[in-house]
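Residue numbers (our numbering), protein chains in the order written: chain B, 51 to 300; chain E, 69 to 291.
I should point out that these hints are in silico values taken from the structure, not numbers from a laboratory.
Glycine residues also receive a C-beta, built at the ideal position from the N, C-alpha and C atoms.
Among these hints, one or two may not hold up.
[Claimed, not checked] Residues from chain E shown here face chain B by an in silico Cβ test under 7 Å; the list is partial: (1) Ser134; (2) Val152; (3) Phe153; (4) Lys236; (5) Val252.
[What the hints assert, rightly or not] Subject to a maximum C-alpha distance of 20 Å in a straight line, what follows is the list of computed EDC-like cross-link-like pairs (lysine to aspartate or glutamate): (6) B:Lys271 - E:Glu259; (7) B:Lys293 - B:Glu238; (8) B:Lys87 - E:Glu259.
[To be verified] Pair ranges (Cβ atoms, derived): (9) E:Ser137 - B:Lys163: 48 to 54 Å; (10) E:Ile280 - B:Ser244: 25 to 31 Å; (11) E:Ala269 - B:Ser244: 51 to 57 Å; (12) B:Tyr201 - E:Thr115: 42 to 48 Å; (13) B:Ala243 - E:Ser103: 28 to 34 Å.
In case you want the letters, here they are:
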Amino acid sequence: MLKKLIVLLIVSFTSCGVFAQAVRVAVAANAQFVVKKLALEFKKKTGIAVEVISGSSGKLAAQIQNGAPYAIFLSADMAFAETVFKAGYGLALPKVYAVGSLIVCSSTGADVKSWKSLISNQEPGKIAIANPKLAPYGKAAEQALKKLKLYENAQTRLVFGESISQVNTYVLKGAANIGFTTESLVYELPPGASFKWQRVESALYAPIKQGAVLLKYAKSKNYTNNKRFFDYLFSAEAKAIFKQYGYNTT
Amino acid sequence: MEWTPIWLSLKLAAITTLILLAIGIPIAYWLSRKSSLFKIIAEAILTMPLVLPPSVLGFYLLLSFSPNSPVGRWLLEYFNLSLVFSFEGLVVASVIYSLPFMISPVKSALAHLPPSLAEASYTMGKSRLTTFYRVLLPNIKSSLWTATVLTFAHTLGEFGVVLMIGGKLEGITKVASIAIYDAVDNNQYNEANQYSLVLFAITFVIVILVFIFNRNASRGPLE
Chain B
51 MLKKLIVLLI VSFTSCGVFA QAVRVAVAAN AQFVVKKLAL EFKKKTGIAV
101 EVISGSSGKL AAQIQNGAPY AIFLSADMAF AETVFKAGYG LALPKVYAVG
151 SLIVCSSTGA DVKSWKSLIS NQEPGKIAIA NPKLAPYGKA AEQALKKLKL
201 YENAQTRLVF GESISQVNTY VLKGAANIGF TTESLVYELP PGASFKWQRV
251 ESALYAPIKQ GAVLLKYAKS KNYTNNKRFF DYLFSAEAKA IFKQYGYNTT
Chain E
69 MEWTPIWLSL KLAAITTLIL LAIGIPIAYW LSRKSSLFKI IAEAILTMPL
119 VLPPSVLGFY LLLSFSPNSP VGRWLLEYFN LSLVFSFEGL VVASVIYSLP
169 FMISPVKSAL AHLPPSLAEA SYTMGKSRLT TFYRVLLPNI KSSLWTATVL
219 TFAHTLGEFG VVLMIGGKLE GITKVASIAI YDAVDNNQYN EANQYSLVLF
269 AITFVIVILV FIFNRNASRG PLE
């Protein structure tokens, strides 16, 4: 019986499918929704498939420096994009593809319009931000809280998401009372979410300039396709889509 | 819901189980015979993956397989093989990760066999290899099944290691457990739910199988 099982297993795994390689884009979690939309439009136009891999910028940068086979890196800031370039993994200097907007939001019915007093009054409930070391939106949230001298107040109630995606989950599932995340979440809410949000004044944090790098790996396979998608990110059409998702473009 | 991640998980688990059957059984046999200090240390090392956090294993595998490390560079230069962000890498990692699940049940079953069984066979002039395949292994059939099925199931449930060295590549390293995590990250709670249900069903059937194989034995299924 064991022999039969082994034969069955051998047959089953030798008959696996082979995948045609798409343009592989490593995207900071905040931009995954907009980049998926861009990928869809790009595919409609050119027939070229784009595979989106999302994570925190810091984690993706670490993966790239350990040889991850990604063609393009879309960071949530310039720093990680520059790190990757300086380590010798980029083909050209990073370019700003979007400027992000930080929001404060809640799905537990918290009054986010007066989020500052929510925090200073020590209202119960957790406050979710992304890990400031790995995720630029987390860093921006930290800057804003510190600038308003609310950080001390918030500290005991802060929970840190591994990336902005985890913050979104904490907020959408009500595990955290309020959370700081990307405005693009607002345009990609799951059905049935009761959701309130408010922009954080841009003066409270350093502009979230998001850098794109065409990576060395892009040269190893289908360079023209990879380059085409990279250029598409800076086209007028792409800029319009970025705007729809709450980003500014330069 | 796409079936690719589920299929990929099953494929990874199947290959890992096959490799472990091939290398785990001889190791278990070696460990089950006279013990020495060296063997105790070897067994402890082989059992470590059971208790180590997967992140520790993943971290060290990432460091050693990375093209920046001597081992990773050597593999890449001489075999054109990259063990980070590749399916082959997941196989190597899973073999290490699931090693104790194959070895422990087989070892313990072999150690519990009465020595007279093998001795009788030797007396009749059978070689050690023949005795092992024709006498010892058939006598521990239910433990072999348990080990096989548990190894398979444990590999299906692998997450931390794959997350560290996989890189979530579609059809290559994005196995079912990662697809669930990714779906939650993408606010696709329905999809996460579907993947989870499928995995739940598969593992439930597997565990049921283990209990069926052991229904006649008085031992617990993890022995």
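Interface hint check: Val252 (chain E), Cβ to nearest Cβ on chain B, cutoff 7 Å. Holds or violated?
holds, 6 Å
Hint check for Thr115 (chain E) and Tyr201 (chain B) - Cβ pair distance inside 42 to 48 Å:
Given range 42 to 48 Å: holds, Cβ gap about 45 Å.
Closest C-beta approach of Val152 (chain E) to chain B relative to 7 Å, hint status:
holds, 6 Å
Is the shortest C-beta separation between Phe153 (chain E) and chain B less than 7 Å?
holds, 5 Å
Is Lys293 (chain B) within 20 Å of Glu238 (chain B), Cα to Cα?
With Cα atoms ~14 Å apart, Lys293 (chain B) and Glu238 (chain B) stay inside 20 Å; holds.
Verdict for Ile280 (chain E), Ser244 (chain B) (Cβ pair) under range 25 to 31 Å
violated, 47 Å
Hint check: Lys87 (chain B) vs Glu259 (chain E), CA-CA at most 20 Å. Holds or violated?
Holds, at roughly 18 Å.
Evaluate the given range 51 to 57 Å for the C-beta pair formed by Ala269 (chain E) and Ser244 (chain B).
Violated: the Cβ-Cβ distance is about 32 Å, outside 51 to 57 Å.
Is it true that Ala243 (chain B) and Ser103 (chain E) lie within 28 to 34 Å of each other by Cβ?
Given a distance of about 60 Å, which is not inside 28 to 34 Å, the answer is violated.
Is 48 to 54 Å right for how far apart the beta carbons of Ser137 (chain E) and Lys163 (chain B) are?
Hint holds: Cβ distance 52 Å, inside 48 to 54 Å.
Regarding the hint that Ser134 (chain E) lies at the interface with chain B, is the smallest CB-CB distance below 7 Å?
holds, 4 Å
CA of Lys271 (chain B) to CA of Glu259 (chain E), is that 20 Å or under?
violated, 31 Å
Checked against the numbered hints given earlier, this structure breaks hints 6, 10, 11 and 13; the rest are met.
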